[in-house]
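Q: Between the sequences and the hints, there should be enough to build the whole structure, so can you do that?
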Amino acid sequence: MRSKLILFIVGFIIWCLLRFPVDAQHIFIGIIVAAFVTLLLGDLFTNRPAQFFKVQRYLWFLYLMPVFIWECFKANLDIARYIISPNLSLKPGIIKVKTSLKTDIGLTYLANIITLTRGAITVDLDKEESCLYLHCIEVGDKKEIITAAVNKFENLIKKIFE
Amino acid sequence: MNNIIGVIFITLGLAFDLIGCLGLFRFPDVYNRLQASTKCVTFGTCNILFGTFLVLGFNAAGIKCLLALIFLLFSSPTSSHALARAAHKSGEKLCEGSVGNEYK
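So the sequences go chain by chain: A and B. Heads up: the first sequence runs through residues 879 to 1040, numbered per our numbering. Heads up: the second sequence runs through residues -5 to 98, numbered per our numbering.
Bear in mind the hints are in silico, worked out from the structure with no lab data behind them. Note that the structure is a prediction, hence the values are computed from the model and not measured. Positions of the beta carbon are idealized from the N, C-alpha and C atoms, including for glycine. Hints should not be assumed to be uniformly reliable.
What the hints assert, rightly or not - Here are the computed lysine-lysine pairs in the DSBU-like style, where the Cα-Cα straight-line distance is at most 35 Å:
| id | chain 1 | residue 1 | chain 2 | residue 2 |
| --- | --- | --- | --- | --- |
| 1 | B | K58 | A | K976 |
| 2 | A | K1005 | A | K932 |
| 3 | A | K952 | B | K83 |
| 4 | A | K1036 | B | K58 |
| 5 | A | K969 | B | K58 |
| 6 | B | K58 | A | K974 |
| 7 | A | K976 | B | K83 |
| 8 | B | K83 | A | K1036 |
| 9 | B | K58 | A | K1030 |
| 10 | B | K87 | A | K1030 |
| 11 | A | K1030 | B | K83 |
| 12 | A | K1037 | B | K83 |
| 13 | A | K952 | B | K87 |
Stated by the list, open to error - Derived coverage of chain A by chain B (criterion: at least 3 residues anywhere in the stretch with Cβ under 8 Å from a Cβ of chain B; other residues may be distant):
| id | stretch |
| --- | --- |
| 14 | 891 to 904 |
| 15 | 955 to 964 |
| 16 | 970 to 981 |
A: So, in structure tokens, the structure goes:
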């Protein structure tokens, strides 16, 4: 029931943002649309609704955002250096990195953040062993750097999503 | 002032998009190409959308830019993950000069 309520509120806010200068007509249609979506998908939205009322999570999320943007910028400069350099000497490979995250949502966010930072994309993840298979553009000495980045984001995500 | 900062963001985004597209041609195999296209194109497009938001301000189009930015941040890594996994499942080999494959 609470999951449905949260999905209704989130859907309604997104509708209001889509039709930004809202008036009464838009709000009326928005309530109908959000109620319809809630009726279809209400129970799938979240397993633990109590998580939505913890304030610390949002504060940690505000801390994660600038860290993520800065890492993303550095990773892009790194890739750009490889692309622009005249003689391409890559040592790519797939490595296996263990994480300590257990929940679906935590693993999903970790995989997405790793894909956007620091020369690695997630190829697959194993939920039983909770490890990620990362394709790295330069394996060699970078393995420690990537493992360190994974651990750093892992700690932040554990505070936010678990 | 907002206009100038917005145009700077858009220029930066266009530069990263261009580099990402160059990477699609230069890198040897599908995984490296996914790296270039995912990272650079996501970051570049996010910069373009944010710059457009700064230029337009808080009106109907500006808010839609922000929403598109958030959806892009969620969907782009997920789709690259799906593509990489599908390529591996269909037997796509790593390129020559690769060091090690710990996946299966």
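Q: Just pull the numbers of the violated hints for me, sorted ascending.
A: Going through the list in order, the structure violates hints 1, 5, 6 and respects the others.
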